[in-house]
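Novice: Chain residues, written in single-letter form:
There are 2 protein chains.
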Amino acid sequence: MDAHLHHDHDHKEEHLKSSDVLRDVVIGMSDGLTVPFALAAGLSGAVDSTNIIVIAGIAEIAAGSIAMGLGGYLAGKTEQDHYSSELKREYYEVDNLRHREIEETKEFFKNIGLSEDLQNKATEEIAKDKKQWVEFMMKYELGLEKPDPRRATKSALNIGLSYVVGGLVPLSPYFFVDSPTEGLRISVAVTLLCLFVFGWFKSKMTGIQPWWGALKVMLIGAVAAAAAFGVAKLFEG
Amino acid sequence: MDAHLHHDHDHKEEHLKSSDVLRDVVIGMSDGLTVPFALAAGLSGAVDSTNIIVIAGIAEIAAGSIAMGLGGYLAGKTEQDHYSSELKREYYEVDNLRHREIEETKEFFKNIGLSEDLQNKATEEIAKDKKQWVEFMMKYELGLEKPDPRRATKSALNIGLSYVVGGLVPLSPYFFVDSPTEGLRISVAVTLLCLFVFGWFKSKMTGIQPWWGALKVMLIGAVAAAAAFGVAKLFEG
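Chains V and Z, in that order, give the protein sequences.
Under our numbering, the residues of the first sequence are numbered 308 to 544, in order.
Under our numbering, the residues of the second sequence are numbered 308 to 544, in order.
Keep in mind that a hint or two might mislead.
For identical chains, the list gives no copy identity; a pair is met inside one copy or between any two copies.
[As the list claims (entries may be wrong)] Each computed DSBU-like pair below joins lysine-lysine, with the alpha-carbon atoms no more than 30 Å apart:
#1 K438 to K417
#2 K384 to K446
#3 K453 to K540
#4 K540 to K461
#5 K428 to K540
What the hints contain is simulated information worked out from the structure, not anything from laboratory work.
Starting from the given sequences, assemble the full structure and let the hints guide the process.
Specialist: And the structure:
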């Protein structure tokens, strides 16, 4: 059995926390390596100067990192607002619609397969402590986890920066050569290698077979670049 | 109290299912409207012909839609594989490490606040039916929901197509005019309007205050476009 997937709980929780940053880096870098790479490849087939490719690439990196970073930040803020308003609602309902909440709690225990006797007893015990009851309803009735208030900002920065770092990899060859075709050749080699290495570590992290995972990540990049190259050629002609 | 957030369960579940497609459309369109818009805006400040902008924009749309669509498809497949392998593992553990699984189930009931007596009784009842027990462990110990096998493909198509549709909005003005500055002016007007309308519906759908939500979505687009314009100018000079 794969040791990586063994679920020792303490270990798992620790693993999850330390991987919040990694998860953000993966999100940002996977798009950062792919989209600017494909855009630059697409333009290489359609323009004569690397200058245009560099300008377009830099503009894309700015646009993409802000869309992902700022988008992620605002989504995180919304999640917090949503959690707070649902929390207030649950407290309100526990106080004022107690009967309905009791029914909903019993329903949960019924769904997981407890007998009616235990449904009643378990509900009674949980409902004794209001805070505990509300926490239970938030997590298991609504499926909401308490969001970390500082996550949104940190996450936005991590994702945005990773996009920039990822995007500079495929773009950098075009800084140093004059011919788009030569830039493309180096960019393809460097980026596919990076995508493979990145995909390997990403797969290791998420417990997927790493060679297959690495191949998949590289494939997405290659297909996107080929498609961008194709349509750009089409529109140029 | 906001009628929209009232949680009537049947209604809610139906709402969630019908909004799977909408959610995909929102994901694809939000990036599709923003990134190609910002890229085209960035290039408008740095190049003389709308031709380059159209080619770069089309290449970006191809790259972005494939990265998002294919990426989403493979992520969905991975989620399914992960679910299947965890399901097998749970069945194995229930058969061969019964004692440990009993402890983990008791732990769950302890964490939600049941007395030791009820922890034991509830665990005993759940463990009677193996299928029911495994389903319980999958959902509440591991937090995994059974993924719909056809979701991955559908989701990829919806996201990819929405990206293309979204991306053609900011790009279309450049098809019809020769001056990048004029194209930019029309593109800004059309796209900010679309972002606002799109943000309004998106917020309505997710239960956020719609005017504020619309403003936020429009703001992300505007900031991304301004930044792309700024860095493109910088690198052109």
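Novice: For every hint, state whether the structure bears it out.
Specialist: Now the hints, each set against the structure:
1. K438 to K417: both (22 Å within a copy, 15 Å between copies)
2. K384 to K446: both (19 Å within a copy, 27 Å between copies)
3. K453 to K540: Answer is neither: 49 Å inside a copy and 43 Å across each miss the 30 Å cutoff.
4. K540 to K461: between (40 Å within a copy, 29 Å between copies)
5. K428 to K540: neither (70 Å within a copy, 69 Å between copies)
Comparing the model with each numbered hint stated earlier shows that hints 3 and 5 do not hold.
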